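A.B. asks: Spelled out, the chains give:
Number of protein chains: 2
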Amino acid sequence: MVGPNYDSRRGRLQKKLREAGIDGLLVTGQANVRYLTGFTGDSSWLLMLSGHPPVLLSDTRYETQLADECPGLAVEIRDAGGTLPRLFAKLARVAKVRRVGFEADHVTVSLLRQLENSLASGGPEAAVLTDTAGLVERLREVKDKFELAEIREAIRIAERGFAVVRSSLRGSQTETEIRYLLESAMRDFGGSGTAFEPIVGVGPTAALPHAHAGERRVSEHSVLLVDWGAAVKSGYRSDLTRVLITGKPTKQIEKVYGVVLGAQRAAISAIRPGVRCADVDRIARGMIADSGFGKFFGHGLGHGFGLEIHESVRMSPLSEQVFEAGMVVTVEPGVYLPGKFGVRIEDDLLVTAGGCEVLSSVPREFEDSLSGVLA
Amino acid sequence: MVGPNYDSRRGRLQKKLREAGIDGLLVTGQANVRYLTGFTGDSSWLLMLSGHPPVLLSDTRYETQLADECPGLAVEIRDAGGTLPRLFAKLARVAKVRRVGFEADHVTVSLLRQLENSLASGGPEAAVLTDTAGLVERLREVKDKFELAEIREAIRIAERGFAVVRSSLRGSQTETEIRYLLESAMRDFGGSGTAFEPIVGVGPTAALPHAHAGERRVSEHSVLLVDWGAAVKSGYRSDLTRVLITGKPTKQIEKVYGVVLGAQRAAISAIRPGVRCADVDRIARGMIADSGFGKFFGHGLGHGFGLEIHESVRMSPLSEQVFEAGMVVTVEPGVYLPGKFGVRIEDDLLVTAGGCEVLSSVPREFEDSLSGVLA
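Chains as they are written, first to last, in our numbering: chain A, 1 to 375; chain B, 1001 to 1375.
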């Protein structure tokens, strides 16, 4: 397996900077730094200045790790008494650049004040900072070969973990016990961790889209919702949701399940390059509304993922993005009946030249969800 | 056990806002929102406006959870097509306030632009946003009775977990295996999770202050470093580090251990109300430098913790803070010899009227660290 080509990624970013008419970019978003360099630590920035080699700004804690993870990349370590903003200002001054972009989504107002103060102390010739948004995130939307292989592996591990949970399901298990079993199974299959804290919800807990696993037992309700994913060592993730019917299914449960699955199917078959994300969201949302459950679907239809569990693009009524081949996204409609139960079905997709490929393969027909009445 | 008194916490904040001459505060830092309301979700803000009851701004995903966790607190849910900044602007307009603070450490530049645009669309009478920093964090520095009890419990769970690791240590274990054993033991003793991803480092890995557990085996080196903590359900944490000597101790290992422990002891005995954090840092740092290891101690001496693992106050050469009774902090000097090994000894302390109380009780003499030559 060939590893990521960081030079090529940075080359594409340089091109974007030239197009934007800026002399450089201070990359402070942690996942963006990792994407462009391979560095897995935190508190470190990548400075890209036109006409100069890229340089990582960090501190002594990370010297050894940087040498290991980013061979060949220039590194500047701040003094024990110094700060990263001051180190940045020094490098910008030496490089004599004029307009340097910063990542407005990853810089707090406090940090911007510090950066500006550090630059200002360099005198009237100092560089000026300018807002940018999403420059690196946009590059990350389309996954390369390496990333796709890692995401496929993260899906495979998640699916094997779920199969263990499913095959060992008992009425006496609590949500938390299932969560821990799932986490440990994914580790056994080679995961380096979970993609996020798994959501395991029985009945009314499943009606809370962001519930934590608690002490409800499987036998307390017929609906069990599991939203989970694995992470692999390179940082890539997977993100899936399934509902298991662990007791006697009521007509209402079957109806809601059918509505959600129908909406997911319609959305998936609409995804292809050139289609607007908002339009796909509208298809699923419209179908759920037509079935009378419109007000019980309050979140977006799906999102990109990769190094982070939520990445650009977003599928929501407000999204202005358009699908491109190579994007990897979730599609996850849901219906949540407060105090009763919730159903969400979530799969992972790759947008292809002709449409899309569903990367995840856990069966999702209503019949597949039936786990029998558990003792 | 009496729970937290959120009214009293918000009352103290209101007083600070009056002193600062502002009409309110938009609290966007997640741990700050939790501290002031008990809400454990994310993507939700607390708006405090003088002369108006506090109100939580959120979305439909959290309606049920908010009713459970924050009984009696006013909640405003944004429309599916709306945004929190627009909801904030509407509430500020209705309340006719003039100057509203925002948390500059928890608001990105992008979010500030959105907040300003939303306010501006309300016309010339609209409120003005003003930077604040650390208002809630400063309240959180001094722990109340409830918080102290929770932190003591988080320490107790961490210590029981470490005892399991220690008693079952084998030369064939990998760092990752020890990490998972520690995590699962802490759960068994009632922890709701880890305070952070435990650091488990053998030999050269222990020389990286922020290493992840990997595949090195205990038998590969005489030094094993474990930096770990538990979290309890209420969100409070603990944070400890111990080094175990798992093989034949060399003179150098013993010397470094003694230097670090001596520095920690001296720092602990200097802590009392009124003393500057930087002065305590200087005592430990000076002792390590005098022993010839100055350049191998590159991080701060310690930090506050509670709902988050790193909170105000900080002990570093640059700190301008002063100890007060009721603060809870770590003291964790370290010496890291690249490619060889590292020693860090970390305990949790409560600043008391007369000095400080060491809350953690894992033995830390050099003799206590000796685990015998492991098979």
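Please note that a few of the clues may not be correct.
Straight-line C-alpha distance at most 25 Å; calculated PhoX-like pairs for lysine-lysine [claimed, not checked]: (1) Lys255(A) with Lys295(A); (2) Lys295(A) with Lys1295(B); (3) Lys90(A) with Lys1090(B).
If the Cβ cut is set under 10 Å, some of the chain A residues that face chain B in the computed set are [to be verified]: (4) Pro53; (5) Arg113; (6) Asn117; (7) Val142; (8) Ala185; (9) Pro209; (10) Ala211; (11) Arg314; (12) Gln321; (13) Val322; (14) Ala325.
In case anyone wonders, no lab produced these hints; they're calculated from the structure. Predicted model only: the values in this text are computed from it and were never measured. Positions of the beta carbon are idealized from the N, C-alpha and C atoms, including for glycine.
A.B. asks: Can you list which hints this structure breaks, lowest number first?
C.D. replies: Hints 2, 3, 4, 6, 7, 8, 11, 12, 13, 14 are the ones this structure does not satisfy, whereas the remaining hints hold.
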